[in-house]
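**Q** If you want the building blocks of each chain, they are given just below.
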Amino acid sequence: MPPLKAGLSLKRKIETENKVESKYEQESSNTKGLEELTLSELNIEGDSTDSEHEGNEEGSDQDQDEVLFKDSDVSSLEDEDVEYASDESSELTDSEAEGESVNSNDNNNAESEDSDTESDAESGIGHTHGSSGSESEKQTLKNKQKKKIAKQKIKTKKPDKDLKEKSQNKKGTTSKGSVDRLADVIEGSSQMQPVEQKDEYESGDTSDEEERRNTVGDIPMWWYNEYPHIGYDLDGRKIVKPPQRDQIDEFLKKCEDPDFWRTVRDPSTGQDVVLSKEDLQLIQRIREGQVPNPDHDEYQPWVEWFSREVLATPLRAFPEHKRSFLPSRSEQLQIAKIVHALKMGWTKTRKQLAAERRDRREKKFYNLWGSTGEGEGRAPHRPVPPPRRPPPPHAESYNPPPEYLLDAKEMKEWNKLKETPWKRKYTFLPTRHASLREVPAYQRFVRERFLRCLDLYLAPRAIKMRLTISASELVPRLPSPRELQPFPTGEALCLRGHAAPVRSVDFEPSGQYIVSGGDDGAVKIWETSTGRCLRTIELGEPVSRVLWSPAPALWLVAAAAGSRLLLLNPGTRIGHHRRAARTDLLLDEPPPQHDVQPDERTASAVKWERVTPEDWAKGIRIAITHFKPIVHVSWHGRGDYVAASVRAEGGRAVCVHQVSRRRSQLPLARLAGQVQAAHFHPARPLLAVATQRAVRLYDLLKQELVRKLRPGAQWISDFAFHPAGDNMLVASYDRKCMWFDLELSPRPYQTLRLHGGAVRALAFHRRYPLFATGGDDAHVVVSHGMVYNDLLQNPLIVPLKQIRGPEVKDELCVLDLRFHPTQPWLLAAGADSTIRLYS
Amino acid sequence: MVSKKKKKYSSGEGAQFMTRKAALKKLQLSLKDFRRICILKGIYPREPRNRKRAQKGAGGIKTLYHTKDIKFLLHEPIIWKLRELKVYQQKIRRARAQREYGKMRKFLRDYPEINIDHIVKERYPTFVDALRDLDDCLTLCFLFSTFPSLKKVPRDQSFLCRRLTVEFMHAVIAAKALRKVFVSVKGFYYQVEFEGQTITWIVPHHFSFQPQSKDEVDFKIMATFVEFYTMMLGFVNFKLYHSLNLVYPPKLPIGFSSEKDKDLIDEQSYVSERIAAMNISPAKIEGSNEVEELPEIDIFPTEDNDPQKLEEAKLEAEKIKKLKTLFKGLKFYINREVPREPLVFIIRCFGGECSWDKDHFVGATFDETDETIAYQIVDRPSMDKQYLSRYYIQPQWVFDSVNTRTLLPINKYLIGAILPPHLSPFVDTIKDQVYIPPEERELNDPNFKPLNADSSGSEIEEASDEDKEEQNEPDSEDSDAERAITKQYQQEVDEDSSQDEEENDDDDLDPEKKKLAKEKKKSMRVTTGVTHKEHPYQKEIEDKQAFRLREKLVRKKHRNLYKSMKAGQEKRKKEIWLLRKKRRLHDEKIKDEKKAEKRKQKMQALEATSI
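Top to bottom, those sequences are chains D and G.
Residue numbers for the first sequence, in our numbering: 38 to 876.
Residue numbers for the second sequence, in our numbering: 106 to 716.
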């Protein structure tokens with residue numbers, strides 16, 4: 038038969054079946070009442086099927102539990118693994134849950150599908166199920182039930198509307214929640230099943246007997262090819278093969294029978310089975326590799342039955358399996374093992390381990406230094422202990438005395454130093470708190486501690502000697518001035534009369550008179566006791582130096598005015614008139630000419646002049662003219678020689694005049710630098726010449742340089758011999774006085790910085806161990822300068838008194854100083870054109 | 106043969122010092138590790154005598170270490186530990202990078218600790234050495250005990266500090282070693298004396314921890330210091346407890362360890378329990394006697410000790426003996442607003458008992474209602490319910506009493522009173538040129554009368570007061586003396602001139618009188634002699650002048666030193682002068698205020714009567 042025909046016939050058959058169905062529908066309306074009666078029993082049955090499922094699940098659950106337990110066992114030893122294990126286990130459970138839900142879904146679907154399809158599958162399915170034989174009893178039972186259901190359905194056909202509703206419900210479930218869907222499904226099944234139940238009740242028992250079943254088992258059926266029967270039924274009777282057809286019959290049937298193409302032989306029974314339309318569809322779908330059930334929707338929405346949502350009613354109402362309440366044997370063994378290990382001390386619990394670790398970590402202190410507290414240790418090389426923090430002052434108190442609080446002015450400065458807080462007086466702001474509870478935390482505390490730590494390991498350390506002496510100990514210990522009296526302590530007289538600064542003063546050798554000369558060109562004679570000016574000699578030129586001749590027989594004053602050195606007789610009315618007269622007599626007639634024969638060099642430098650009668654009347658007895666202005670004049674101790682230095686360089690700068698013979702000499706062949714002063718040694722035939730930097734001592738007899746003293750001053754102003762002749766004092770313009778011990782060294786024995794300005798004048802007392810210095814500052818300093826006969830004893834120099842000098846004028850103050858020959862009196866020539874006597 | 110030329114800086118100062126960089130290279134350590142080992146071993150840079158030579162001719166300023174110190178470090182076993190640590194840290198880093206967190210955690214858990222016991226012994230060969238260097242240790246440990254857990258400061262460390270400091274305080278209490286206390290704005294200063302060594306430390310006020318910016322404070326360095334200091338303090342504590350016959354570690358009521366339910370207890374309760382712990386004495390070693398009192402000092406006539414010094418030492422010892430039992434048998438009750446920790450410590454140190462409100466803090470030993478309480482320490486302006494049987498005093502009384510070593514009269518410290526200034530006991534009054542506030546002088550000298558003590562006096566009295574003050578002062582204060590002298594000097598000059606004038610006047614005005622006088626003179630007569638009065642200040646003036654001259658003879662070598670010393674003296678003098686002036690102004694102001702108030706009251710009273 039051609040396939041076209043076959044298709045037609047198929048159509049026809051479907052139509053006839055439909056007619057049959059419509060008949061059944063009419064009948065089903067009668068049986069509705071019964072459906073409701075059987076509803077409860079259906080539920081029970083559903084439960085039983087579920088329990089089967091759960092049984093399986095339980096098994097899996099138990100497995101899962103085992104795994105978990107194992108994990109926990111392991112984790113009891115090592116805690117790290119716990120999390121991972123638990124994670125895994127959770128995943129496992131998740132997947133299982135999913136699996137479960139899928140299964141359950143499938144079951145439900147299968148159920149519903151079965152119920153749908155069973156109406157069509159009338160007997161063929163039943164045969165197939167029965168013939169398979171290999172299935173377990175349960176399955177066969179199930180199949181039977183299903184068959185019954187199918188039969189019942191055929192009997193009690195519901196109206197089409199119901200069916201439609203069902204399908205609608207199914208569609209609706211996609212949008213509803215899982216719970217609702219479940220409810221629907223249950224409802225739907227309950228709506229379907231009452232029919233089946235009823236069927237089973239009535240005719241299920243007999244169905245088994247009606248049908249004969251082949252019970253040969255699972256053997257290849259061709260074993261029965263030779264036999265007339267094919268297997269045995271339940272009672273052991275042979276199942277006789279249906280009549281066999283030969284080739285011709287086969288062919289004839291092929292030609293005659295329109296259903297031949299869909300007739301297959303059942304090998305277990307040997308009967309021909311005509312496949313229904315559904316069967317064909319099924320085969321077709323299988324061949325195409327599709328899901329056999331056409332109603333199966335592969336892409337159904339996912340329903341998660343087993344979620345974490347707690348349902349009002351349990352999904353599965355059957356009780357837990359007994360196994361789930363019993364401890365697992367394998368686990369028990371494992372645990373026993375661990376417990377034993379713990380008992381034996383082979384392993385430790387985590388707690389113990391942690392405690393041990395803690396114990397190990399805890400610091401153990403013991404008697405480190407032993408009982409004696411002594412021990413040998415190695416310290417760093419030459420250790421320097423860190424200095425301690427300074428103790429807190431009163432100002433740091435929380436309630437300091439009020440004087441430590443900052444006042445407005447200090448506060449302003451405090452705020453001003455905000456950018457540079459390290460310059461502040463304190464690191465903290467002294468504050469008064471009325472009570473202890475008001476004291477806040479110190480903000481910089483941690484910072485200060487940190488800085489201290491930095492100091493300790495980062496600051497370089499060194500041992501510094503701290504001076505424990507006080508400042509006063511650095512001052513040399515000298516006898517008190519009170520023990521060294523007498524010395525001039527205050528001003529006694531002030532001689533006024535000069536019109537310009539007084540350049541030079543001198544005492545008469547007995548101390549009765551004073552001679553002075555100043556820039557006003559006058560030489561004045563004063564009486565010491567009264568301070569009266571006895572005589573004034575106008576020289577016309579500024580007088581730079583006046584000196585009374587030390588010769589006891591002569592009554593003579595040497596005065597340097599400009600470049601002329603004048604020898605004056607102060608006058609017969611002053612002092613010893615006889616002496617004055619004799620002096621006049623002596624100087625009146627010049628010595629014989631042959632005696633005065635100067636060589637050329639001397640002649641070029643010095644010229645002895647005759648005095649004019651007017652000058653003679655004034656008192657000038659002899660005038661010696663130099664080639665340059667005179668700077669300094671000094672008498673020899675005997676009073677016959679006078680040394681004059683002029684402002685010039687070279688050997689001609691120093692000139693020695695002999696008054697008795699009216700003769701001059703230039704003792705020095707050459708001299709480096711400008712001459713500041715020249716003095717005769719008080720005892721020996723020596724001439725000392727001071728240039729700007731050095732003092733040179735010349736032996737006049739041997740005509741050689743004896744000694745060169747280097748005071749270390751920049752500019753020497755003047756110098757003086759100690760009356761004994763072994764010591765010398767040099768004054769300089771750079772504020773210093775240098776004491777030289779001529780026996781000792783060419784370097785100063787002591788340098789005195791007693792003045793604030795240049796030292797211009799100095800003088801030794803002839804009898805007392807006193808010397809005085811004066812200069813540009815407003816003070817005259819009187820000092821004790823004791824020279825001992827014992828050569829081993831150093832001279833004692835004690836500054837005694839700072840006397841207020843004359844007033845400062847044009848930055849000059851004291852221009853000359855002179856001690857009284859016998860009394861401790863001091864005479865000072867002032868730049869304020871006065872002469873002061875201190876006693 | 107040419108002798109080999111000696112390399113420069115191979116001997117002398119150049120070889121003696123080593124820069125930090127060279128040290129790092131020699132030790133093969135990173136700077137971090139070097140820093141750590143320097144802190145632990147107490148190695149520090151040195152200041153060379155000649156920097157240029159020490160730096161081998163290099164310019165700039167470099168951190169120089171003694172070569173011997175670095176060689177000393179080279180033998181330190183810890184250096185190897187540090188190197189191993191480096192490897193260990195690499196392991197951790199690797200585990201982290203491989204995401205093997207379990208492994209990493211295990212590594213971190215088993216992080217090796219470096220044992221530094223031997224360093225303590227090495228740095229402090231004797232116990233006394235350790236005591237001598239305990240100042241910084243205690244200060245830092247007390248600070249760390251208040252720290253929360255920081256990134257660089259593990260919780261364990263601050264717990265350990267807390268434990269050790271409390272133990273130390275117990276030792277101080279047991280030994281009665283506290284000598285001085287001082288409340289400053291920075292914290293509480295304590296000074297204790299152990300074995301003749303004075304140890305001073307600061308305990309910060311509450312809430313001293315503040316988050317610090319990274320460039321301000323590096324906690325890692327401080328933590329390294331604390332790592333060493335905790336070891337040191339632990340050993341010192343052990344030794345102290347043993348010398349005091351106490352059980353170490355003491356059984357304190359609560360654990361200071363980090364483990365015991367640390368999460369449950371908050372900071373406040375920790376503090377209160379710590380204080381509570383201080384209120385009970387630690388267990389004695391069984392069978393041991395009480396620490397016997399030190400025997401009286403026997404005086405051995407030695408050559409170098411003059412008897413005065415010995416006498417002083419004896420006096421001091423007696424004073425200290427008295428101080429140890431200052432609060433003995435006295436019961437103190439501390440109100441809840443008073444910071445308890447310092448007070449409990451002090452009171453317990455001097456033998457007192459104390460308690461507090463048991464509802465607020467744990468560890469109270471007796472109730473407020475106890476009638477035997479002698480003092481109640483209050484820090485509030487007033488109280489509702491007061492007991493007649495006790496004094497209500499402010500906390501400063503305790504501190505001042507300890508510093509003066511007597512129980513001070515309480516009238517200035519009563520509840521609500523304005524407190525007298527709290528003075529630092531650490532100021533060295535022996536040194537010259539130190540300003541001593543009038544309050545302190547009042548304490549030392551009972552005759553001294555401060556300016557504002559009694560305001561009842563009239564102006565005449567004030568003047569006399571001032572005179573007194575002046576008379577007291579000149580010895581100590583140069584400035585005043587000088588002022589007086591100059592004044593005197595001027596007066597003298599004036600007097601001299603006036604005398605002269607008088608004489609002149611005599612000459613001019615009264616020739617007759619003069620004649621008479623001459624006659625009188627002529628007639629021989631015995632008159633009562635007038636003693637020659639030397640002017641009291643004349644001598645001083647002269648001495649001063651002579652000294653000024655002598656000053657100029659200071660040797661050139663010492664001149665600058667002398668100058669700087671003088672400048673320092675001047676500065677101090679000025680400071681003292683300033684403080685004195687400020688005080689005077691303040692006192693005057695207060696006096697004026699009081700006067701004004703009194704006047705006001707009088708006026709009010711008058712008005713009242715008139716009405």
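It is worth saying that the hints were derived from the structure and are not from the lab.
Among these hints, one or two may not hold up.
Interface residues of chain D toward chain G, partial, derived using beta-carbon atoms under 10 Å [what the hints assert, rightly or not]: (1) Ile372; (2) Ala416; (3) Pro437; (4) Pro467; (5) Leu495; (6) Ala496; (7) Gly794; (8) Ile834.
None of these values were measured; they are calculated from a predicted model.
Note that beta-carbon positions come from the ideal geometry of N, C-alpha and C, so glycine has one too.
**Q** Hint by hint, say whether it matches the structure.
**A** Hints, verified against the model:
no.	hint	result
1	Ile372	violated (23 Å)
2	Ala416	holds (7 Å)
3	Pro437	holds (6 Å)
4	Pro467	holds (8 Å)
5	Leu495	holds (7 Å)
6	Ala496	holds (7 Å)
7	Gly794	violated (14 Å)
8	Ile834	holds (8 Å)
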